[in-house]
Amino acid sequence: MDAILFLIFAAVAVICGLNLVLQTHPISSALSLVGVMGSLAALYLLLGGEFIAAAQLIVYAGAIMVLFIFVIMLLNAGSEHRVQKGPWVKFFAIPLLVAFLGLLAYVVETVVAPGEGVRFGGFTQGSALDIGKKLFTVYMLPFEVTSVLILIAILGAIVLARKELD
Amino acid sequence: MLPQSVPLSWYLALSAILFSLGVAGFLYRRNVITVFMSIELMLNAVNLSFVAFSYKLKQNDGHIFSFFVMVVAAAEAAVGLAIILTVFKNRQTLEIDELSSLKN
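From first to last, the protein sequence lines are chains V and G. So in our numbering, spot 71 of the first sequence is number 71, and the numbers just go up one at a time. So in our numbering, spot 25 of the second sequence is number 1025, and the numbers just go up one at a time.
Hint data in this document are derived by calculation from the structure and do not stem from the laboratory. Glycine included, each C-beta is placed from N, C-alpha and C at the ideal position. Among the hints, a few may not be true.
[As the list claims (entries may be wrong)] Estimated spans, in silico, between C-beta atoms of each pair:
hint: 1; chain 1: V; residue 1: 109; chain 2: G; residue 2: 1090; range: 45 to 55 Å
hint: 2; chain 1: V; residue 1: 109; chain 2: G; residue 2: 1099; range: 19 to 29 Å
hint: 3; chain 1: V; residue 1: 106; chain 2: G; residue 2: 1004; range: 36 to 46 Å
hint: 4; chain 1: V; residue 1: 27; chain 2: G; residue 2: 1057; range: 37 to 47 Å
hint: 5; chain 1: V; residue 1: 116; chain 2: G; residue 2: 1046; range: 15 to 25 Å
hint: 6; chain 1: G; residue 1: 1002; chain 2: V; residue 2: 155; range: 43 to 53 Å
hint: 7; chain 1: G; residue 1: 1057; chain 2: V; residue 2: 159; range: 36 to 46 Å
hint: 8; chain 1: G; residue 1: 1091; chain 2: V; residue 2: 159; range: 12 to 22 Å
hint: 9; chain 1: V; residue 1: 5; chain 2: G; residue 2: 1098; range: 40 to 50 Å
hint: 10; chain 1: G; residue 1: 1046; chain 2: V; residue 2: 106; range: 13 to 23 Å
hint: 11; chain 1: G; residue 1: 1091; chain 2: V; residue 2: 121; range: 51 to 61 Å
hint: 12; chain 1: G; residue 1: 1092; chain 2: V; residue 2: 107; range: 39 to 49 Å
Produce the complete structure using the sequences and hints provided.
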């Protein structure tokens, strides 16, 4: 059951990721990215990360993607023109891709020690309670620094977007 | 025949595939906004391996790291989209090949 769920959501994520790269219109790419984020949230749930799955859906698929879609609509972005690549791209792209993925799979298989696999329910420290306890004790300083960072980012965004250049 | 539990390497392989797709989009696409979305895809792929290793090590530190990555991504998206807005106001284009004033 775990493997079936993993394969379904992994397939959705990879197909949506491919669609992001291959589509020409930014809106199609944005919707594919929402698909990737949704299936990743389901995979986080399978890994026992309840809090991070909810944050993924609310922050990423909710807030950040809405920001992207707002900007695409505001700028009225159209389809992009394809640039013609050189002949060597067509010749080398597929073999290089296969070699790269094979190397990657080999490294992952050798580096990761074959222990017990991932089971739903095998990890129970991902709840909001446990994350919150650690976030406000061990990771207190990084948390506060990030809040200052995001405040500066908001101010910077306002200043940049309002500036009238000539 | 499917295994009873999912090996950790499958999650890492999925993360690597999504990261490579992000790199491909970053290099291949010609629209600033789509290039930006490819960066978000790469950040998501890294988050997945954080959470997977967090399962492996039985610690929730990886979850907190990926939470911080999300916050930084939100800040980056806000500033980056404001920059794109300003660039579009001044240049009326979103093609990255035409935005080459730093070249000379």
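If you check the beta carbons of residue 116 of chain V and residue 1046 of chain G, does the distance land in 15 to 25 Å? 24 Å, holds
Do the beta carbons of residue 5 of chain V and residue 1098 of chain G sit within 40 to 50 Å of each other? The hinted range 40 to 50 Å holds for residue 5 of chain V and residue 1098 of chain G, with Cβ atoms some 45 Å apart.
Evaluate the given range 37 to 47 Å for the C-beta pair formed by residue 27 of chain V and residue 1057 of chain G. 40 Å, holds
For the range 45 to 55 Å, tell me whether the beta carbons of residue 109 of chain V and residue 1090 of chain G fit it or not. 50 Å, holds
Should the hint that residue 1002 of chain G and residue 155 of chain V are 43 to 53 Å apart at their CB atoms be regarded as holding? 51 Å, holds
Within 51 to 61 Å: is that where the Cβ-Cβ distance between residue 1091 of chain G and residue 121 of chain V falls? Between residue 1091 of chain G and residue 121 of chain V, where Cβ atoms are some 53 Å apart, the hint holds.
That 36 to 46 Å hint for residue 106 of chain V and residue 1004 of chain G (C-beta), does it hold up? 25 Å, violated
Taking 39 to 49 Å as the stated bounds, is the beta-carbon spacing between residue 1092 of chain G and residue 107 of chain V within them? 45 Å, holds
Do residue 1057 of chain G and residue 159 of chain V keep their Cβ atoms within the hinted range of 36 to 46 Å? Since the Cβ atoms of residue 1057 of chain G and residue 159 of chain V sit about 42 Å apart, the hinted range of 36 to 46 Å holds.
So the hint says 19 to 29 Å: do the beta-carbon atoms of residue 109 of chain V and residue 1099 of chain G match that? 42 Å, violated
Between the beta carbons of residue 1046 of chain G and residue 106 of chain V, is the distance compatible with 13 to 23 Å? 20 Å, holds
Mind checking the hinted window 12 to 22 Å against the Cβ distance between residue 1091 of chain G and residue 159 of chain V? 19 Å, holds
Of the numbered hints listed earlier, those contradicted by the structure are 2 and 3.
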